[in-house]
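Peer 1: Chains as they are written, first to last, in the numbering used here: chain V, 1 to 331; chain A, 1001 to 1487.
Think of the hints as simulated: they come from the structure by calculation, not from any bench.
There could be a bad hint or two in this list.
Said to hold, decoys possible - Calculated pairs, SDA-like style, for lysine to any residue (alpha carbon to alpha carbon, straight line, at most 25 Å):
1) V:K115 <-> A:G1166
2) A:K1282 <-> V:R3
3) A:K1282 <-> V:A4
4) A:K1466 <-> A:G1166
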Amino acid sequence: MRRAMISRVADSVYWMSRYIERAENVARFVDVNQYLTLDLQVDEELQWNPMLEVSGDRAAFEAQYGGSDQESVIRFLAFDSQNPNSILSSLRSARDNARSVREVISSEAWRQINKMYHMVRSAADSGKVFEDPHSFLDEVKEGCHQVTGVTEATMSHDEAWHFLRLGRMLERADKTSRLLDVKYFLLLPSMDYVGTPYDKIQWAAVLKSASALEMYRKTYRRIDPKQIGRFLIFDNQFPRSIRFCLEAASISLHAISGSPLSTFDNKAERRLGRLCADIDFSDIEEVSQTGMHQYLDGIQIKLNRVGDAIFETYFSLAPAIVDGALHRGDS
Amino acid sequence: MELKEYGDVGMNIENYRTEGFFDEMFSGDSVPREASDLLIKRLEDLSSEEIHFRQQAAEAALYQMGITFAVYGSEAAEEKIFPFDIIPRIVDGADWRPIEDGLKQRVTALNMFIDDIYHDQRILKEKVIPPELILSCAAFRPECVGVDPPNKVWCHISGVDLIRDGKGVFHVLEDNLRSPSGVSYVLENREVLKHTFPRVFGPSKVRPVEDYPNQLLHMLEELAPPMVDEPSVAVLTPGVYNSAYFEHSFLAKQMGVRLVEGRDLITQDGFVYARTTRGFEKIDVIYRRIDDDFLDPLAFRPDSMLGVPGIMESYRQGKVALANAPGCGVADDKAVYAYVPQIIRFYLDQEPIIPNVPTYVCWDDKDRRYVLEHIEELVVKAVNESGGYGMIIGPHATASERASFVEKIKANPRNYIGQPVLSLSRAPIIAGDRIEGRHVDLRPYILFGKDIYVLPGGLTRVALKKGSLVVNSSQGGGSKDTWVVDR
């Protein structure tokens, strides 16, 4: 029989994976936005502000940098070690977590994370990135994909692997929802743009930010905001849609506890199961009625509560001794 | 030869000078020893460019494997690898035999000594060692008196530091019986060197070191309490900030066992449990890399945050096994070291196979007088420190450094020993575009289970600075792979 994981180790594996996914998402967002600035003849600040909204760090940025010109924003999102969500900080956290679980992840996985961290750290010291952000960001994306690939191909698909996937999928669902939210939030007020080429470019950029443009075209062909919302929230085949991520997360969560998908063994499974059901029983029409922002905000709140329940169920170190016997702190 | 294209001239050994030291790989100026012949010839074939390329490749491999330590004080949290020289230190298989026998003899006697100290204290009653010397030892643990560890083994894992003098005779410099570190470097250095010199390694008949994790796991499993069918083994680490953390994690991984921190463990009804995602699971054997002092706040230092409250009681009840056994440090106090030849004679009725370095114990009036009078020609060490800390090398120290040590010795004579400055043997390293001799020592690793296993070779530490005698990694030392070769 396979041994259960040490709670602290499971916690680190989960966060390692979330941080890698976070770094990749930031790299992708920045890359697409940087590309977008080449097409759109708008004020630089207007173009870069949304980036800060996605990561939810606008206040921290403004306190430190003031103006949101391209170089400042890239510096903040890629290399600022004061910004806990920067690529460098995320990779540092991923690596710190990986280092504390080297005995459970494969050596290949560790090496890949270590290599990537060192790559970003030395890029932070050279100035070259600002001349050619694309090459650097591409390297980060590829490096993160390699981590996923290498864990897929070199690790047993055991409990540790499921915690990795759980972390990755929850982080990804969260990032897709934020991305969609910010673009809606920013695009909707300026109805003047609707139907103009710039509008199309922006919506295509939303899809690109989620690496979804090509797959979207295969399904819907034409750029249409409503279909984009449908694709990024409800598609059951695209690996970055919220529904796909949550279903994958749910499968891993059940694989960890060993309980069938249709039943609930703990609070985390119950909360995630309910969130999946919410999505199953709603559609884009309903989202439009509720309002995209409100809908996505609701998903983010529920995702946080799933995260809390995972912590309580699996990672919490508080022992519970009931009637002289040891129990896991479950409620 | 495909490598010729890299450069014009090969590495030149014509100018290699032993400068009057015993050299591990040369019997005289430019004359390789038989066991090193193949490697030296290969070095001559390779251009210095190619050698540098291989040195860099080896360093890059170690860097990527994350075998690094943090450089404190630099804001960017810079990391460095432990310096590593790609020229292996080669030990002739015939020379290795007596070392192996000598190490087995030594740990057998030391183990009997520890067991005696915590039981009958025969050796003290018969005045072979002055009782006050042992009872005043900081590593003597009254909590361990009367404890019977599984199979009566106390020092399961040891790393004995050996040095070779001007005539090539091996001496024991230190017995490290608590948590000797470095074995992960032996295994990783070997991994890297196989890629560095594949064409020499193959034909050289180098004794493998790769079996160490297996041997370690087997030895640990033997310690499990009776009635436990499939023992659950764990490595206990102080955590990621410990300088040997890489090794703890490496060994756990190599053995396929859990790596735990004190906060992962609790005790209940005398048993030790780990907090897992499926509740609490019993742990039977712990390879602990935490000092006695921090192991259990209920038994030792109450302020320890690293330990497991109650683990000493579990250990005394035989419900968990600990390696090495708490209290075993009494045998690697540097003042006790001076008595190891007597210890070997007392328990085994044999002469020591590997001699000690002559040692003056400042606790003894006559020895202390000698040390104080000759401090400018001696190495003086604190008895309970390691890593090159708490010591001075008389001839290299300033007058005021010596004066301050004189005061320290007078204030606490029990805490110091003196030894003559030895002319450590040397081995060649890559120094720029040539090879040059540097001083080395050797730390073989010994596993004491139902049988005794000695890892062939061990960690060769090298003082990379020309003329330096300090090999500790904390003081500018590096390491080399060590090949025990059979001819």
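Peer 1: Keeping to a limit of 25 Å between CA atoms, is the pair of K1466 (chain A) and G1166 (chain A) held or broken?
Peer 2: 17 Å, holds
Peer 1: Taking 25 Å as the top limit, are the C-alpha atoms of K1282 (chain A) and A4 (chain V) close enough?
Peer 2: 11 Å, holds
Peer 1: Does K1282 (chain A) pair with R3 (chain V) here, judged by a C-alpha cut-off of 25 Å?
Peer 2: OK: K1282 (chain A) and R3 (chain V) at ~11 Å, within 25 Å.
Peer 1: Against the 25 Å threshold, does the CA-CA distance of K115 (chain V) and G1166 (chain A) hold or violate the hint?
Peer 2: Answer violated: K115 (chain V) to G1166 (chain A) is near 44 Å, above 25 Å.
The structure is inconsistent with hint 1 alone, although it conforms to all the rest.
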